[in-house]
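K.L.:
Here's the letter readout for the chains.
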Amino acid sequence: MTIAEKILAKKGGQKVVVPGDVVTVGVDVVVLFDNNFMPSIWRDILKVHDPERIVVTFDHRVPAPNQQAAAAQKTGREFVRRFGIKRFHDVGYGQGISHQLVADHGYALPGSVLVCSDSHTCSAGVFNCLARGVGGPDVMYAVTKGETWFRCGETIRYELAGKLSTAVTAKDAFLQIAGAHGAHATQNVEYGGAGLAGLSINARKTLTTMSAELSAEFATFEPDSVMLDWVRARNPVPFEPVYPDADASYFAVRKVDLGSLEPLVALPDSVVNNSQPVKATAGTRIDQAYIGSCANGTLDDLEIAARVVKGRRVATGTRFIVVPASQTVYRDALRSGAIQTLVDAGATIAPPTCGACGGGHMGVLAPEEVCITSSTRNFKGRMGDPSSKVYMGSPATVAASAVHGVITDPREFLD
Amino acid sequence: MKFQARVWKFGDNINTDLILPVTGFYLTPQEQARLVFKANRPGWVDEVQPGDILIGGRNFGMGSSRPAARSLKNVGLACLVAHSINGLFYRNCINFAFPAIECPGIHEAFEESEIAEVDFDAAAVRNVTRGTTLNGRRTPPNLLELVKAGGIYPLLEKEGLIAPKA
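Protein sequences, first through last, are from chains A and B. Everything in the first sequence is counted per my numbering, starting at -10 for the first residue and increasing by one. Everything in the second sequence is counted per my numbering, starting at 831 for the first residue and increasing by one.
Just so you know, the hints here were simulated from the structure itself, not pulled from any lab data. All values reported here derive from a predicted model rather than from experimental measurement. Some hints could be false.
In the SDA-like style, the derived pairs of lysine to any residue whose C-alpha atoms are separated by at most 20 Å in a straight line are [stated by the list, open to error]:
1) B:Lys995 x A:Thr64
2) B:Lys995 x A:Pro28
3) A:Lys134 x B:Arg836
4) B:Lys988 x A:Thr133
5) A:Lys134 x A:Val37
Computed footprint of chain A on chain B, listed as stretches where at least three residues anywhere in the stretch have a Cβ under 8 Å from a Cβ of chain A [unchecked claim]:
6) 938 to 948
7) 967 to 978
Note that CB positions come from ideal geometry on N, CA and C, so glycine has one too.
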C-alpha cells in the first residue's frame, strides 16, 4: 500500500484499502478558522466529541477588516470559551495562517488524520499526515462525532532527485509538475526520493500545500529524520510514521530532477497546464507583487526575497506586499534581519493573514490591474476584480519583479 | 431520485471562485446564489429554470472549500453530472444534499438545451433528445443515504449535536 492507503487502513480499522474504497476514519485533529463562524455556514454546536482534538485559528481576515468579519470572530471566541478549547490562535502572539500554525506547533503527527475546511489543508501532508480540505459541514461532523469519510484514489509518486539551484525554489518545482502533468483529480500525490535531503521543511510544505491546486485528494511526504525531528521538537505526543510498502502499487512514478529546473511562472487564470519559463513573460508590467499565503509565507520565502531586494528599492508605481504566514515566522524574520531589508527596500509588511490571496483584504486588486504572486491561486477574480490578471511565481521571482516593476528573472540578482 | 429537464453545459475546470465569488461571503445563501457564474456567464442566473440540470467537464468545482455546491442547489438546479468532480466539491455536494454524479464522456453526449433524464441511484444518464444512455459512477450507499436525508446539517440536528437554524 502507498502512504495514503496505509494511513486510511490503519485509521479505518481495515487490513487493506485499495483505490475506490470509501473509508470512515477517526479524526485526530480538526482545525477551525474564522470563515467557519460566518452566519451563512455556522450552526451552534451543542456537543463536542473531544475538545483536545480541536484547533481554532482566525486567519482568512485578520485583524477584522469589517463588521461581519468581527462578528464571525466573536462567535468563534464564544465557541472556544464554551468548550474550553486550549489550542486557540486569536489575533496577537499566536496569530497565523492555519496551515503554518500546524507546522509551527507540530499539530499534525505522522500517521495521523487532520481535517480543516480550507482547501490547502493537504499542506500538513509534509508531516506524513493524512490531511484533507473538507467542507464546512464536514468540520461540524468531525467536531461533533470525531470521524469523517474519505474516498481512496490512485496514488502518483514523485521521486525527487538532485538539488535546486540558487534562484530556483520549491514553487518552481511545483509549477514544473503542474505544468507538465496538470490536474491530479481523484488521485493522491506522494513525494519521496533522495532529493528530500536538500529540501527544508518549508520547501517541502510548499509542495504539499500547492498540491491542492493539483486537485489531489491527499499529498504526503515520505518520513525522514529532518521531518521527524521537526515534529518531536514541537509536540511531545508519541506517533508512528508510515512508510510506503516496497510493493506499493502506483498509478505512475515520475522523476523530478530538481537540479535541472529553472524559474517558472504560471500565466493568469489557471495554476495547472499554464507554466512558462520566467523569460517568456519577462518585461510584463505589474502593479503589485505579493509574497505570502500558506504556501509561501515562511522564513525561507521572506529570506530569499530579502536577498533579492537587499540594497535595492521597489520600482516606483509598484506595490510590494509581504505577509509572514504566522507571528512565529514574523518574529524569526525580524531576528534574521529579513524584515528590515524588505522594509528598507519599500515592501509593505502585512500582519499574518490569508489576506489578498483569497481576495479578502490587504492588497486586493482593482479592475485591469496586474499582480505577480507567490500565493496559492491565480483564478479569474481570485485576488480582486475579475478583470485583474494574476501571474504566479516563486518568492524570488516576485521580489525580482518588484524591483523592476516588470516580471523579472530572479537569476539576475541571485546567481 | 430521478430528474428530467433541459441541460446547461459548462466546460473543464470550472472553479469555485466562479460559482461563489469572494464578494458573496457575507451574504445570505439566497443572495450568494445570485452570483453564480457572474464572471464567466453573466445573466445565466436569470435564464436557468428550477429543476434544470448542469453538465460539466473535467474536475468540476476545483478550488476552495466554500459552500459553492449549495449555491448551485439554491439557484434551482436539480443535479450536476460531470465528466469528473473535484474531490472537495463532491464532499460539499453530499454535505448540502445536491445530487452529483461523475459520468465520463457526459460532456460530449449532450448539446446545451437537450433534455436529460438522470437516475441518481442507478447513476444512469439518458439523453432523451437523442435516445442515448451513459452510465456514471454510483454514489456509495452511505453517502446516498446522507443525500437523501438532506445532508449533514439535518442529520446533526436530529442527533442533537447542533442547534436548529435560528
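K.L.:
Could you run down the list of hints and mark each one as holding or not?
P.N.:
How the hints compare with the structure:
Among the hinted pairs, Lys995 (chain B) with Thr64 (chain A) is consistent with the structure: their alpha-carbon atoms are about 15 Å apart, no more than 20 Å. With a C-alpha separation of about 10 Å, the suggested pairing of Lys995 (chain B) with Pro28 (chain A) holds against the 20 Å cut-off. For the hint pairing Lys134 (chain A) with Arg836 (chain B), the CA-to-CA distance comes to about 40 Å; that exceeds 20 Å, so the pair is violated. Simply put, Lys988 (chain B) and Thr133 (chain A) have alpha-carbon atoms about 13 Å apart, close enough for the 20 Å limit, and the pair holds.
Distance hint between Lys134 (chain A) and Val37 (chain A) is fulfilled; the C-alpha atoms sit about 7 Å from each other, no more than 20 Å. Beta-carbon proximity to chain A at under 8 Å applies to 0 residues in the stretch 938 to 948 of chain B; the threshold of 3 is not reached and the given coverage is violated. Under the rule that three or more residues need a Cβ within less than 8 Å of chain A, the assignment of the stretch 967 to 978 of chain B holds, with 3 such residues.
Consistency note: the structure conflicts with the earlier hints numbered 3, 6.
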